[in-house]
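Colleague: Chains as they are written, first to last, in this note's numbering: chain X, 1208 to 1688; chain A, 10 to 294.
These are computed hints drawn from the structure, not numbers from a lab.
You can take every hint at face value.
Residues from chain A that keep clear of chain X, each with C-beta distances beyond 12 Å, as calculated:
#, residue
1, Glu39
2, Gln42
3, Asp93
4, Ile139
5, Gly152
6, Asp174
7, Ser209
8, Ile234
9, Gly237
10, His258
11, Asp263
Covered stretches of chain X, going by a simulated chain A footprint (3 or more residues, C-beta under 8 Å):
#, segment
12, 1317-1331
13, 1396-1405
From the three backbone atoms N, C-alpha and C, an ideal C-beta is built for every residue, glycine too.
Each chain is listed here by its residues.
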Amino acid sequence: MNQKIAIALLSGFVAGVLLRSFFDFGWQLAGFFVFLGIVLAALSFLGEQKRIFLLIAILMAGIALGIARYELRDSRNTNLLDQKIGQRVNLQGIIIDEPDERENYTRLTLETNGDKILLYTHHYPEFHYGDKIRAAGFLKKPQNIKDSFDWVSYFAKDDIYYEMIYPKIEFVSAGNGAWIKEKLFILKEKFVGSLNKVISEPHSAFMAGLTIGAKKSMPQDLQDEFKKTGIIHVVVLSGYNITLVTDTIMKFFSFLPRIFGVSLGAMGIILFTIMTGASATVVRASIMALLVILARATGRIYTITRALFLTGFLMIFQNPKILRFDASFQLSFLATLALLYLVPYFKEKFRFVPEKFNLREIISSTAATQIFVLPLLLYKMGIFSAVSLPVNLLVLIFVPATMFFGFITGGLGMIWDVLSIPFGWISYVFLQYELWIAEIFAKLPFSSFNISQFPLLAMLTLYVIYGIIIYKIRGEDKKSI
Amino acid sequence: MGKIKNQFKYYFLGILFIAALFVWYAVFAESRQGLEVDFLDVGQGSAIFIQAPNGNQVLVDGGPNKAVLRQLSKMMPFYDRSIDMVIESHPDSDHINGLVEILRRYKNDLVMEPGVESENVAYQELKNLIREKNIQYVFARRGMRVNLDDGLYLDILFPDRDVSDWETNDASIVAKLVYADNSFLLTGDSPDKMEKFLVSLDGNRLRSNVLKVSHHGSRTSTSEIFLGYVQPDYAVISVGKDNKYNHPHQEILDRLNQFGVSILRTDEKGTIKIKSDGENIIVAN
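Construct the complete structure from the given sequences, taking the supplied hints into account.
Modeller: Have a look at this one:
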């Protein structure tokens, strides 16, 4: 009974957050659900089926709490900056994130008096995390170009409500950020720089994406190819990508007792998280990846699946906006769930696949995660990749080796670039193969279909169907034992 | 351990096989015939890559961003991490911003520029890099000749004086690449008044098989008199699709057609590869 109450409360909370992210009825809606809950609770004392009513009452309370939490997060004190929208402003602040370098502009996140402002600026001069700058220009609110990606909400989840397009920027001073973060970003930059010295483009950009998730310099056409063939996840920092890193480390040390592999894997995740800047997104993904490692180490799948749900709840509680607006969170959660819960089942089904080169593991985890994230991808990206499964198999087999040589190339290159040349060449061969696979499959007719406007309801329905299937399979498994 | 010993011969064979592949790749990549000039597809901007028969490489401008890196690696073997000479035609962002990453990632022996002052931050960054990496650095002046190979040289036609306080387009390096009977005229963003000045200096010596159309086909360049003296067979326009300047301008296209010049545009054909054996010009795509 206790467990059911917990489930009702938590799922109610998540439902409330989701509801509020779509419809803004203010506090009244929360009040309405509280009222419903009280009525149902009262009924539970009168009626015959007390338990059901009580559970529904708790569910309602959960929804009310979810709405309230979101409301709390969303309500900001309207401040001075709001009155300056559309006016020329002169602001001084600190760059609080790594500059996001795109093909034709760089995006800086400036914090001034607790407000975050996104600055679009030229590639040069280059600014760094922790720089104090003065920016003069017109203050705007981010806007959505019709039918395109919902940038406003995307930025709002990180509390960014303002932007300035090509302001005049004046450098004031460096080194105003967290000391450790500054050093790590410098290390990251050096690592990417030494990859760039021995590996040519776009291979080096791809390698930077693979090894430390620096996808910024990946050219748009390459990103499109990756999306079409369903392998964009290898260069986007998600739980899946991070689990891959860990897997590589664990396999490399597989000749040692398991506990070493596991602890090195866990250490790898933590180092990787820090090195990529430990943004909230990466921290979330890393925590989920740690759960996968833990499950592999202990074999206690059921307990850890519950831990995953609890983790997911806590993350949503901490920032309710990620539930709807953070694709990385959603993907990480679903992929982790698939890795924990579905892979063992798929492995059984893929008994006929040889264990050599880790083939069975790769096939089962690819199939499980791909099937599981499919509805979300359809909803978010509107692309259905028909070649995703074969491409993932052909690419993922070599990804651990590629990453391994990438880390060696980048690492040695920081000491002396001549040392890294042979490893750079080996990496190049792997990268060339992977890019070639993506290229030829992307060119195939019908490799991908654009499904514009895949409705939310269809996605939710698909997940309900998934849930029912999983429930049934588990039921059968229990019977067979 | 025994397992590794058993498999050693296979690993050894595998390594030999890869080494053989690599050698053949290198042989293939290094066997060039004649001169190749590539007008790289870098969007709205310009970048020209010159490969001499003996392997000497010159990059004239680097386009507006990192796109030049991807285009270059299509033209070079993967192990080649050096470009012998880099020329900045003039310090505007659509010509030199891509060069910053080039200087960071490739080994260069010589950088040449017109010596015009600019507030473009990338230009300052390039100067810093040149100092940091100790690269030989010269101002281009009329009368200079860069020997690239037997019978292949680059003649500087402009600037003919100190242009430090000039407007940047006016100061553009104009150079003629000559390979036996074939020649290419490279113009940066030079406007028509400079073209007329060159006509007065060089007259018929401007004649070239290929003209890199100045300023992306803007109406401020490519005057009739200049075209009349250059008499190109091909005109290359380095320009981005749907650019905000509406380059190339229709009157320039009309003018080129009127002179019977074949127009090659990077926004239509991507990178334009032109090969020469010293007698004949072949457009490879």
